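Undergrad: Spelled out from the first residue to the last, the chains are:
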Amino acid sequence: MLFYLAWGAPPLLWQLLFFVVPFGFLVAVTFWSVRNFRLTPDFIVANWQHILGAGFFRSAYAYTFALAALTALLASLIAFPAAYTLAFKVSPSVRRISIFLLVVPFFTSYPVRIYSWQIIFSPFGVINKLLGQISVGPINLLNTPWITILGYLTLTLPLVILLQTFALGNVDRTLIEAAKNLGCGPARAVITILIPAARVGLILAAAFTFVLAFGDYISPLLLGGSKPPTLSVLLADQVKSGNHWPRAAVIAVVMVVTLMAALVVMLGLAYGQLGRRRA
Amino acid sequence: MKTAAGRRLLLQVYTAAVFAFVFAPIVTIAVFSFNADRFPSLPWAGFSLIWYEAVFADATIARGLVNSLIVAAATAVISTFLGLCAAYVDYRYRFVGKTIYTALITLPPTIPVVILGLAMLTFEGRIGLTGTLSGVAAGHVVLCTPFALALVRLRLADLDPNLEAASWNLGASRWTTMRDVIVPFCFPAITAALFLTAAISFDEYMIAWFVSGLNETLPVRLLAMLQGQVSPRINAVGTMVFSVSIVLVVLAQLIIGRRLRVRASGTER
Amino acid sequence: MAPTMLELDRLEKRFGNAIAVADVSFSILKGEFVAVMGPSGCGKTTTLRMIAGLDKPTSGEIRLWGRRLNEDEPWERDTPLVWQSYALFPFLSVRKNVEFGLKQRGLPAGPRRAKADEWLARLGIADLADRAVDRLSGGQRQRVALARALAIEPEMLLLDEPLSSLDPHLRVRMQAELVRLHRELKITFVYITHHQSEAFAMADRVVIMNEGRVQQIGAPQEIFRRPLNRLVAEFIGGNNILPGKIVETKAATVRVSTALGDVWATASPEIDSGEAALVIVAADRIELDSAARGEGNEIPARVITVEFVGATVTVFLETNDGGELRVQRPLHEMEGGKLQVGRSFIARWPAEHGFLLAA
Numbered sequence: 000m001l002f003y004l005a006w007g008a009p010p011l012l013w014q015l016l017f018f019v020v021p022f023g024f025l026v027a028v029t030f031w032s033v034r035n036f037r038l039t040p041d042f043i044v045a046n047w048q049h050i051l052g053a054g055f056f057r058s059a060y061a062y063t064f065a066l067a068a069l070t071a072l073l074a075s076l077i078a079f080p081a082a083y084t085l086a087f088k089v090s091p092s093v094r095r096i097s098i099f100l101l102v103v104p105f106f107t108s109y110p111v112r113i114y115s116w117q118i119i120f121s122p123f124g125v126i127n128k129l130l131g132q133i134s135v136g137p138i139n140l141l142n143t144p145w146i147t148i149l150g151y152l153t154l155t156l157p158l159v160i161l162l163q164t165f166a167l168g169n170v171d172r173t174l175i176e177a178a179k180n181l182g183c184g185p186a187r188a189v190i191t192i193l194i195p196a197a198r199v200g201l202i203l204a205a206a207f208t209f210v211l212a213f214g215d216y217i218s219p220l221l222l223g224g225s226k227p228p229t230l231s232v233l234l235a236d237q238v239k240s241g242n243h244w245p246r247a248a249v250i251a252v253v254m255v256v257t258l259m260a261a262l263v264v265m266l267g268l269a270y271g272q273l274g275r276r277r278a
Numbered sequence: 000m001k002t003a004a005g006r007r008l009l010l011q012v013y014t015a016a017v018f019a020f021v022f023a024p025i026v027t028i029a030v031f032s033f034n035a036d037r038f039p040s041l042p043w044a045g046f047s048l049i050w051y052e053a054v055f056a057d058a059t060i061a062r063g064l065v066n067s068l069i070v071a072a073a074t075a076v077i078s079t080f081l082g083l084c085a086a087y088v089d090y091r092y093r094f095v096g097k098t099i100y101t102a103l104i105t106l107p108p109t110i111p112v113v114i115l116g117l118a119m120l121t122f123e124g125r126i127g128l129t130g131t132l133s134g135v136a137a138g139h140v141v142l143c144t145p146f147a148l149a150l151v152r153l154r155l156a157d158l159d160p161n162l163e164a165a166s167w168n169l170g171a172s173r174w175t176t177m178r179d180v181i182v183p184f185c186f187p188a189i190t191a192a193l194f195l196t197a198a199i200s201f202d203e204y205m206i207a208w209f210v211s212g213l214n215e216t217l218p219v220r221l222l223a224m225l226q227g228q229v230s231p232r233i234n235a236v237g238t239m240v241f242s243v244s245i246v247l248v249v250l251a252q253l254i255i256g257r258r259l260r261v262r263a264s265g266t267e268r
Numbered sequence: 000m001a002p003t004m005l006e007l008d009r010l011e012k013r014f015g016n017a018i019a020v021a022d023v024s025f026s027i028l029k030g031e032f033v034a035v036m037g038p039s040g041c042g043k044t045t046t047l048r049m050i051a052g053l054d055k056p057t058s059g060e061i062r063l064w065g066r067r068l069n070e071d072e073p074w075e076r077d078t079p080l081v082w083q084s085y086a087l088f089p090f091l092s093v094r095k096n097v098e099f100g101l102k103q104r105g106l107p108a109g110p111r112r113a114k115a116d117e118w119l120a121r122l123g124i125a126d127l128a129d130r131a132v133d134r135l136s137g138g139q140r141q142r143v144a145l146a147r148a149l150a151i152e153p154e155m156l157l158l159d160e161p162l163s164s165l166d167p168h169l170r171v172r173m174q175a176e177l178v179r180l181h182r183e184l185k186i187t188f189v190y191i192t193h194h195q196s197e198a199f200a201m202a203d204r205v206v207i208m209n210e211g212r213v214q215q216i217g218a219p220q221e222i223f224r225r226p227l228n229r230l231v232a233e234f235i236g237g238n239n240i241l242p243g244k245i246v247e248t249k250a251a252t253v254r255v256s257t258a259l260g261d262v263w264a265t266a267s268p269e270i271d272s273g274e275a276a277l278v279i280v281a282a283d284r285i286e287l288d289s290a291a292r293g294e295g296n297e298i299p300a301r302v303i304t305v306e307f308v309g310a311t312v313t314v315f316l317e318t319n320d321g322g323e324l325r326v327q328r329p330l331h332e333m334e335g336g337k338l339q340v341g342r343s344f345i346a347r348w349p350a351e352h353g354f355l356l357a358a
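Chains as they are written, first to last, in numbering that gives the first Met the number 0: chain A, 0 to 278; chain B, 0 to 268; chain C, 0 to 358.
By construction, these hints were calculated from the structure, which means they are not laboratory data. Only a predicted model underlies this, so the values are computations on that prediction, with no experimental measurement involved. Where is the CB? At the ideal position from N, CA and C, for every residue including glycine. Take these hints with a grain of salt, some might be off.
Stated by the list, open to error - Heads up, incomplete: computed chain A residues facing chain B, CB under 10 angstroms, no partners named:
#1 Gln-14
#2 Arg-95
#3 Val-103
#4 Trp-116
#5 Pro-185
#6 Leu-262
Sequences are here, hints too, so could you generate the full structure?
TA: Now the structure itself:
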């Protein structure tokens with residue numbers, strides 16, 4: 000029917016043109032070469048060999064992966080008590096306002112927020128000034144993996160709290176009441192009943208965090224000092240200084256494949272055990 | 000701290016601390032933007048607006064701002080329109096391949112922006128869109144449409160399934176029904192989507208960095224400034240940028256939120 | 000005799016493998032109030048939707064004034080529907096809702112508003128004109144839905160169980176209003192319901208449907224007194240249905256052996272002696288007496304339950320062999336403490352008040 004095509008087609012066409020095709024193109028470009036500083040259609044595997052064989056790539060991969068995984072874990076742990084509080088321990092109006100507030104930073108400028116940490120932790124920043132009052136330092140707090148993780152947390156924490164709050168809020172209250180009725184203490188109820196019941200939402204929140212941290216460019220750049228570089232930094236470098244788009248494309252494709260595999264595993268973990276448990 | 004009340008208080012304090020962490024960067028930048036001292040640190044040197052004056056006088060920042068506004072406006076309109084189309088189709092029809100259709104449209108925000116940016120760069124490079132604001136907007140639309148889709152779809156979920164049929168029954172064709180029933184009904188969601196997508200586009204730095212070339216948007220200009228020397232102007236620009244985003248997002252939330260409260264209380268007596 | 004306005008000719012509607020409507024044919028005369036009635040899932044709503052053009056018949060034809068209607072889109076037809084859920088537009092005020100159909104027909108703003116106000120006044124809701132729809136009570140919405148459909152002054156009005164969400168008190172009031180409107184406006188009403196009392200109270204003719212097929216068409220009283228098959232007899236209620244076998248024929252009566260014993264009923268030309276049959280005896284045609292008189296059918300029975308519904312009493316009795324009877328009498332007859340559970344009576348009715356249906 001013409002009507003339904005007329006409405007269904009525009010988004011599809013746009014996404015095909017500006018999402019699917021560019022991606023297909025990106026994969027194709029991994030096989031192209033750069034001759035005389037110009038991108039030339041070709042079919043070579045040199046880009047793949049160069050990148051996958053490079054020591055700096057492999058260490059950047061390991062570093063990025065480890066940092067992202069650690070962030071996913073830390074964010075989930077830090078967010079959980081807060082999400083628990085919002086879901087169960089505050090009044091509905093406080094909950095509503097909190098959620099309203101939490102959405103806001105999510106949509107504000109991320110680089111500027113990271114810059115804020117940069118100046119707070121810089122040798123002239125607030126932290127060092129305070130330490131100076133007790134005659135300590137100045138300590139160089141920047142350019143470490145930990146400060147990079149702090150940046151990742153700034154990016155992901157609002158989202159994780161929201162998703163976890165939502166997941167916990169959706170758990171059937173009667174399950175928890177039944178547990179308490181049978182003599183389960185609050186801490187045990189949380190661990191043995193609540194978390195498994197909210198498992199899907201909690202794992203999804205962690206999965207999103209992993210994806211965001213894995214791909215982030217700003218924190219490793221501004222807080223981590225790009226040493227060691229993450230994959231995103233490597234990618235941007237290949238474009239900025241080397242102008243070597245095919246190599247950048249290789250990094251990009253490797254990243255996407257890794258993330259898809261990670262998502263598949265995590266979704267499998269989230270939904271998979273539902274079947275196994277019953278038996 | 001073994002009592003239930005004690006535990007509750009501890010949890011609330013913890014949550015407040017987490018919120019403080021989340022909001023600290025925003026507050027810090029805003030506060031220091033008024034600090035007369037060159038270095039954003041303690042002790043406080045006095046209230047001053049000189050950094051704002053410097054920012055307003057900076058031509059590159061002004062240009063960046065104008066570009067960002069143009070891109071944000073275009074992105075908001077196009078992505079809200081596409082979001083409306085996709086939401087309506089999702090609401091109304093079942094068809095073969097619908098899951099793939101929906102996945103295709105909602106996938107982009109799950110892909111790291113660096114990769115989206117690179118893909119845009121290589122592709123638009125071939126078709127001559129790099130270095131243009133249109134090129135940036137095209138990429139932004141891909142990223143923002145899912146948000147518009149979500150907002151409109153949420154609103155459509157409240158649509159009485161008989162309303163379209165009632166409209167046809169009273170003489171309105173499918174197209175007229177779209178104009179006279181669906182769009183007016185979705186108006187709050189459409190408005191909220193416009194604000195939200197504008198906010199996302201306005202702050203988007205990565206796709207813009209890859210694609211905008213010489214026609215920098217404000218976030219790209221900011222990124223350059225951030226990698227340079229520590230400058231107190233950044234605090235001023237940063238605060239202005241925060242203000243724009245916060246206003247847009249708060250407006251969007253208020254519009255959607257009011258609808259939800261009305262729905263809960265105003266029906267069926 | 001009014002002219003035939005709408006004809007449904009062997010309509011069939013399938014959804015996948017499920018048959019919603021099968022071989023439905025009947026005509027509707029101009030100005031009639033027709034009720035289509037049946038249990039949930041009988042196909043009445045689907046039939047209505049086909050008249051409105053919201054579902055397309057799989058086969059068969061719908062004709063309006065002799066012209067085939069099947070291919071007309073819903074918006075090309077003049078068959079406004081009053082919805083069960085009212086389907087009022089929440090983003091429009093009451094007046095704007097009523098104006099909607101007029102706007103689609105190209106009426107300019109001034110005349111449109113005047114006409115809408117006219118109909119709002121006619122339905123007694125003129126003071127609600129600027130109100131938002133979500134601030135109305137059920138009864139008020141009902142009237143807005145009616146005003147909206149009637150404002151375009153159609154030849155035919157379709158109503159899909161419009162009173163089902165109202166409380167009983169309001170429902171009875173609205174029934175009277177609808178009948179009054181029908182008489183004043185002289186337009187055709189096609190009314191869908193699963194409440195027998197509603198259909199019988201308002202309609203000139205009733206179409207009874209079950210499982211997608213028409214079971215019986217007729218004036219309410221005609222159907223009530225003479226259901227044509229077991230389904231209809233059960234559905235309209237108020238009848239005793241006694242399965243049995245014809246044992247003897249004498250003149251125009253037959254003797255049927257049933258669980259209540261032998262019973263005399265009016266013979267039916269279609270059912271022969273020796274065959275199985277159902278004896279239908281209306282509950283209000285049976286009287287209860289303390290002693291036998293030797294007239295008609297007399298069955299001794301014991302009271303099991305008594306139900307009081309307003310001015311009517313329904314008595315449920317049981318015979319010695321375990322058969323059941325239901326009797327309906329006006330309240331004033333049963334007063335004086337005569338009715339007690341366990342008390343025995345003679346249930347009596349003349350043979351001509353029992354008739355036969357195929358088993």
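Undergrad: Look at each hint and say if it fits the structure.
TA: Status of the hints after comparison with the structure:
About 5 angstroms separates the beta-carbon of Gln-14 of chain A from the nearest beta-carbon of chain B, less than 10 angstroms, and the hint is met. A distance limit of 10 angstroms between C-beta atoms decides the matter here; for Arg-95 of chain A the minimum to chain B is near 8 angstroms, and the interface restraint holds. Interface restraint check: Val-103 of chain A against chain B, minimum CB-CB distance 5 angstroms, threshold 10 angstroms, status holds. Taking 10 angstroms as the C-beta cut-off, the interface hint given for Trp-116 of chain A holds, the closest approach to chain B being about 6 angstroms.
The interface hint given for Pro-185 of chain A holds, since its Cβ lies 7 angstroms from the closest Cβ of chain B, which is under the 10 angstroms cut-off. Look at Leu-262 of chain A: its Cβ gets to within about 8 angstroms of chain B, closer than 10 angstroms, so that hint holds up.
Figure legend: structure checked against the earlier numbered hints; every hint is met.
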